[in-house]
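Student: With the hints as constraints, model all of the structure from the sequences given.
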Amino acid sequence: MRYLPKSPGERIAMLKDIGAGSIDDLFSTIPEEYRLERDLVVPRQMAESEIVEYFRQASANCATGYTSFLGAGAYRHYRPVIIDSLVQRGEFLTSYTPYQAEITQGTLQAIFEFQTMICELTGMDIANASMYEGSTGAAESVTMAVRITDRTGVFVARTVHPEYREVMRTYAQHQGLEAQTLPFGDDGRLDLAALEGSVTDETACVLVQSPNFFGVIEDIPAIAEIVHRKGALLIVSIAEAISLGVVRPPVEADIVSLEAQSFGVALSYGGPYCGVIAAKEKYLRQMPGRLVGETVDTEGRRGFVLTLSTREQHIRREKATSNICTNQALVALMATIFLTVYGKQGIRELATHNLAKANYAARQISGVGGARLLFDGSPRFNEFVLETSESPDQLNAQLLKQKVIGGLPLSRWYPELGHASLWCTTELNTREQIDQAVSLLQHESEAALTRA
Amino acid sequence: MAFEGNRRKVSSHLSQNESLVFEKSSPGKKAYKMPPLDVPDVDPETLLGEAARSDLGLMPELSEIEIIRHFTRLSTWNYAIDLGMYPLGSCTMKYNPRVNEFVARMEGIAEAHPYQPESLSQGALAIIHLLKSCLLDITGMDTITLQPAAGAHGEFTGILLTRAYHQSKGNPRRKVIIPDSAHGTNPATAAICGYQVENLRSNSLGMVDVAQLEQIVTEDTAALMLTNPSTIGVFESEIHKIADILHAKGALLYMDGANMNALVGKTRPGDFGVDVMHLNLHKTFSTPHGGGGPGSGPVAAKKILEPFLPTPVVVEGPPDQDGRRMLRLDYDRPQSVGRVRMFYGNFGMFVRALAYIMANGPDGLRQTTEDAVLNANYIRKNLEDVYELPYRTPTLHEVVFSDRRQTQKGVKTGDIAKRLIDYGFHPYTTSFPLIVPGALMIEPTESESKEELDLFIDAMRQIAREAEENPELVLNAPHATRISRLDEVTAARKPVLRYTPAGEKV
Chain A
1212 MRYLPKSPGE
1222 RIAMLKDIGA
1232 GSIDDLFSTI
1242 PEEYRLERDL
1252 VVPRQMAESE
1262 IVEYFRQASA
1272 NCATGYTSFL
1282 GAGAYRHYRP
1292 VIIDSLVQRG
1302 EFLTSYTPYQ
1312 AEITQGTLQA
1322 IFEFQTMICE
1332 LTGMDIANAS
1342 MYEGSTGAAE
1352 SVTMAVRITD
1362 RTGVFVARTV
1372 HPEYREVMRT
1382 YAQHQGLEAQ
1392 TLPFGDDGRL
1402 DLAALEGSVT
1412 DETACVLVQS
1422 PNFFGVIEDI
1432 PAIAEIVHRK
1442 GALLIVSIAE
1452 AISLGVVRPP
1462 VEADIVSLEA
1472 QSFGVALSYG
1482 GPYCGVIAAK
1492 EKYLRQMPGR
1502 LVGETVDTEG
1512 RRGFVLTLST
1522 REQHIRREKA
1532 TSNICTNQAL
1542 VALMATIFLT
1552 VYGKQGIREL
1562 ATHNLAKANY
1572 AARQISGVGG
1582 ARLLFDGSPR
1592 FNEFVLETSE
1602 SPDQLNAQLL
1612 KQKVIGGLPL
1622 SRWYPELGHA
1632 SLWCTTELNT
1642 REQIDQAVSL
1652 LQHESEAALT
1662 RA
Chain B
585 MAFEGNRRKV
595 SSHLSQNESL
605 VFEKSSPGKK
615 AYKMPPLDVP
625 DVDPETLLGE
635 AARSDLGLMP
645 ELSEIEIIRH
655 FTRLSTWNYA
665 IDLGMYPLGS
675 CTMKYNPRVN
685 EFVARMEGIA
695 EAHPYQPESL
705 SQGALAIIHL
715 LKSCLLDITG
725 MDTITLQPAA
735 GAHGEFTGIL
745 LTRAYHQSKG
755 NPRRKVIIPD
765 SAHGTNPATA
775 AICGYQVENL
785 RSNSLGMVDV
795 AQLEQIVTED
805 TAALMLTNPS
815 TIGVFESEIH
825 KIADILHAKG
835 ALLYMDGANM
845 NALVGKTRPG
855 DFGVDVMHLN
865 LHKTFSTPHG
875 GGGPGSGPVA
885 AKKILEPFLP
895 TPVVVEGPPD
905 QDGRRMLRLD
915 YDRPQSVGRV
925 RMFYGNFGMF
935 VRALAYIMAN
945 GPDGLRQTTE
955 DAVLNANYIR
965 KNLEDVYELP
975 YRTPTLHEVV
985 FSDRRQTQKG
995 VKTGDIAKRL
1005 IDYGFHPYTT
1015 SFPLIVPGAL
1025 MIEPTESESK
1035 EELDLFIDAM
1045 RQIAREAEEN
1055 PELVLNAPHA
1065 TRISRLDEVT
1075 AARKPVLRYT
1085 PAGEKV
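Taken in sequence, the protein lines are chains A and B. For my numbering, add 1211 to where a residue sits in the first sequence, where the first one is 1. For my numbering, add 584 to where a residue sits in the second sequence, where the first one is 1.
The set of hints was computed from the structure by calculation and includes no laboratory data. Worth double-checking, as some hints may not be accurate.
Now the in silico label distances, taken between C-beta atoms and shown as ranges [what the hints assert, rightly or not]:
# : chain 1 : residue 1 : chain 2 : residue 2 : range
1 : B       : K825      : A       : R1255     : 35 to 43 Å
2 : B       : E1056     : A       : E1244     : 49 to 57 Å
3 : B       : R758      : A       : L1495     : 31 to 39 Å
4 : A       : L1495     : B       : E607      : 36 to 44 Å
5 : A       : E1510     : B       : I1041     : 30 to 38 Å
6 : A       : E1259     : B       : E607      : 40 to 48 Å
Derived, one-sided and incomplete: chain B residues facing chain A with beta-carbon distance under 7 Å [said to hold, decoys possible]:
# : residue
7 : V924
8 : P946
9 : G948
For every residue, glycine included, the Cβ atom is placed at its ideal position computed from N, Cα and C.
Tutor: Below you can see the structure in the form of structure tokens.
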């Protein structure tokens, strides 16, 4: 087996040294009736060329060469080449969690830079070293707010990603939390009157997403004002991190839970991505996950260490702030490199391109065959909701024939919106692609009229 | 102090100094170029109004060459498996094959959107389907979910399944029993799932005290969370009795699969009575640790827990006219515990784990386990005369010594670990498991050659001698690194968690 660095002779010599007659002697503590006497049913040992071929075919059996208008929590952005060059350096790729600071300063300094950039972008004071991804990050933010406030009421805007809400429910159910949803108004934003009528002195927190699941930017200052009046905390979840290039950061929030996938992380059929929690400094002791801090060595030289670990499971066990251990360090490194490549000007320019593409696409598509832009007039980033006369599933089936993946049908989560679908355009969608989608939709609506 | 030992594995060489990106930044430098905007330009202030952002704060501005050098320089400050043995007990730091990285980056795999139509995701779903069937045979279980993002997340999922199962019988029960040798994630997990943690003391062999277990298991016990082989590397020989005791009271046996590298191809948890367990693809199945993640923590379970798996589940659809079955995502699972993560899990890790299984095949997987156990026993045999072995029970894939002899000269496990760095090795796991005071927990994995093991043994023996003859040398280690021991107390008392320009306060 090509990964195993031992000759048959060496194995025999080692067994002899140990004083074992055969390798099975070393497994003698496993009761005989439980020893596996047959081969495992897994593919036979394959050559590297065969492995590559298997995955080449699997890759070909996925959507390659399609134009896509999908977003909804996973965004297609250009990934600068140097991200993969750098993260594939073995010193980053094959290193463990940096417990031994003297020989992991590379990872530690990079995480410190990551924490700093997340603070700058979100407007928060502190950020952790990462969480699994956005949905679990949002759920852990809620339990963090419950610990801080010692209250149990939780409100979640219905404009939060439906899968985030499902995860939140899974996390909350056994911790005595009462989670309720808050409706949205005709403008696609959280209904402020409903919020005002719901938040009480028993409310621990309110979780909103901005830009929300419909791509609409929530009125964070107004929401914060209502939430804080009752002493509750505001958690803002951000699923499309590129929005921070042009959208005002949620500085009024107490906790920000960010999904950083848009910062140079491949879509990869849903993961691995990179969650991160940022917060006001006063909530530091309740922050879950790893934190890297700056300090000095015995000779006064600057260095970085994992710190405040008394919050964590390996010290506090059942009293820890979370059970999280492994996080997403390498993915956070991808995000750090991405943000360094685009930098102060590039992130803004990139975000502006997204804004311009979505603005163009929304204008061109709405009106085609009676298609209507929902929540028009509300500020939005790179996604928009389209209401069509035909069902989005039918329309998408037609688009697929021309290798176009249309917007995500919303009826499974929002039946009241009728024939609505969520469209996303990023800097990677060309005008030609948008124009093609428009003409296909036009064509389809004419065909539908003829059929009628 | 000058180096005194005989260092065969490493020589010192220069490493580059490097500031923080923010300190290197200069306004106007760029490392990117956007294509010309092919749609009408927009003004964010006009479109977004009050929601528009005016400034991005302290973000860096650098050129591409500076960024390459910045991160390359940082990388050279890290130790890594690619450089040498990384014997962290419980962490299974094995070789991370490069073909795994290559195939995970193929276009149709890396660019698959989680909401793209199922008809255009058959390749991705086939990878999930095949990996599931491999992991099921490896564990001997009936059903599996790949959704959990890491080991601790798998524990969370497994205990939720346990809870849902008991709930379906009318009572979720109140307690989860956890041995004192367990990973910290176990009690933390039980707590967030709403369970009281009941501690189980290990016996004089470092194993589950079966008699005591029998006494404390009641109809209020939801599960025992057991690591097998245990954190001292010992297989629980009475595992069937343990399972019987639990099952007699309707409780479940949860297995923490962190040490699965000792079992693959030799024995199967499903056969020895485990009801539910998690795997760590980033340990046993070679996906890279990446400085602390991403991981992946599939949860395998017996049939009785199947209705409660997180949604969605990948299933085979009905056969088409050619007899081929399309794979699809099944969301219609009324008894499910719900989602534990958005989308389907850390798919990129599934790709790597499957590539690893394919490279091994059944024979390679068995040989891998055998070599891992051989290596650990070889280290044990060659160090047991200089380091105290608190439990003499035969061990599998790892060996746990204690620093009892060295502490007589004031040298502790953490000091020996730091001294090991000077010899060119990553330290073993220190001070864990808690049942061994001053533990040195060593897991070499199968990836080490006899030559590397001999160098490690030689280094450990030299350090034992140094501890005896010149303890100061060990107490002040490491001596050969860029920086010496860091002031962790100040780091925690006055946390500095982000960069601010000199003199400025956030």
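Student: When you take the CB atoms of R758 of chain B and L1495 of chain A, is the distance between them in 31 to 39 Å?
Tutor: holds, 33 Å
Student: Quick one, is the V924 of chain B hint okay against chain A at 7 Å, beta carbons?
Tutor: The hint holds - V924 of chain B has a Cβ within 7 Å of chain A, the shortest such distance being about 6 Å.
Student: 49 to 57 Å was suggested as the range; check whether the CB atoms of E1056 of chain B and E1244 of chain A agree with it.
Tutor: Roughly 54 Å apart at Cβ, these two residues keep to the hinted range, so it holds.
Student: Using 7 Å as the Cβ threshold, decide whether G948 of chain B counts as touching chain A.
Tutor: For G948 of chain B, the interface hint holds, since the closest Cβ of chain A sits about 4 Å away, which is under 7 Å.
Student: Taking the CB of L1495 of chain A and the CB of E607 of chain B, does the distance hold inside 36 to 44 Å?
Tutor: violated, 25 Å
Student: Is 35 to 43 Å a correct range for the gap between the Cβ atoms of K825 of chain B and R1255 of chain A?
Tutor: For R1255 of chain A against K825 of chain B, whose Cβ atoms are near 37 Å apart, the range 35 to 43 Å holds.
Student: Determine whether the Cβ-Cβ distance between E1259 of chain A and E607 of chain B falls within the hinted range of 40 to 48 Å.
Tutor: holds, 43 Å
Student: Take a look at whether the Cβ-Cβ distance between E1510 of chain A and I1041 of chain B falls inside 30 to 38 Å.
Tutor: holds, 32 Å
Student: Answer holds if the nearest beta-carbon of chain A is closer than 7 Å to that of P946 of chain B; otherwise answer violated.
Tutor: At about 4 Å, which falls below the 7 Å cut-off, the nearest Cβ of chain A leaves the hint on P946 of chain B intact, so it holds.
When held up to the earlier numbered hints, the structure conflicts with hint 4 and nothing else.
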